[in-house]
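Let's have the full structure, built from the sequences with the hints guiding it.
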Amino acid sequence: MRLLNIKTLELTGCIGSDVLRYAILSHRWGHDGVSLQDYLAGQKQNGAGYRKMLKLCEIARTGLGDKRSRLHGLSRAQLCLVLLSDVAPLSHSSTKNLDSENSSREHFVYSEWFKRIWPLLEPIAPSNVLFLNNDCDFLGWKHQEKIAGLIENATKLWLSWISDRQTVRVEDLVYCLLGLCGINILFLYGEGITRTFERLQLELIANSLNDSVVA
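Mind the numbering: the sequence shown is residues 18 to 232 in this note's numbering, read in order.
Any given hint could turn out to be false.
[Stated by the list, open to error] The calculated label-pair distances, taken between Cβ atoms and stated as ranges, are:
(1) P106 <-> E220: 37 to 47 Å
(2) R212 <-> H160: 31 to 41 Å
(3) L219 <-> V187: 17 to 27 Å
(4) P106 <-> F204: 38 to 48 Å
(5) D103 <-> Q161: 12 to 22 Å
Hint data in this document are derived by calculation from the structure and do not stem from the laboratory.
Fair warning: this is a prediction, and the values are worked out from it, not measured in the lab.
Using N, Cα and C, we set each Cβ at its ideal position, and we do this for glycine too.
What follows is the structure in structure tokens.
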């Protein structure tokens, strides 16, 4: 896994078991997103995606000061920044905190982010999760009641909510659960979701994680 130094904006190499403190970003990929190739080539620096990345680095630096590879990396993160790109900034008459009656909770709930399966896993493992709107304004923390109510069932119903999630390859509906289950199975694209789910069930039972999974 590569990390971006939030002070120098330089990429670091792969990390091992002794991990420096780092933050992760959970977001929906958009047309203005900055890829690794774009960043290394110095491209899109005038775009909204690049400016947003700089904002997020600053937020991560502040947050960190206060307090298979991708999936395992989630649990070691000190902070998860969730960027809801389809939640617009609040008006001046509204507060920027979800604890207020005038908050943008309605838009927050219907964000497309909650309908995608891979992003929904990312705020579960880290203890510190910060939600932001599309202008990188603060919306709230994971532990706040109105936010926690949106994701609290994810860990309880991790097998049932996959039915209405969206993935490019159907097997990902199962593979995305591996980090939550704490197990590994081979990634065999093309075998179909039924067979992949059967392999997940067998591995769960073999590891005695949840022998009621087939109930």
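A quick look at each hint next to the structure:
Between P106 and E220 the CB atoms are about 44 Å apart, so this pair conforms to the stated range of 37 to 47 Å. In this structure the hint that R212 and H160 lie 31 to 41 Å apart at CB holds, the actual value being about 38 Å. Hint check: L219 to V187, Cβ distance near 19 Å, so the stated range 17 to 27 Å holds. Between P106 and F204 the CB atoms are about 39 Å apart, so this pair conforms to the stated range of 38 to 48 Å.
A beta carbon spacing of about 20 Å between D103 and Q161 agrees with the range 12 to 22 Å that was offered as a hint.
Taken one by one, the earlier hints all hold for this structure without exception.
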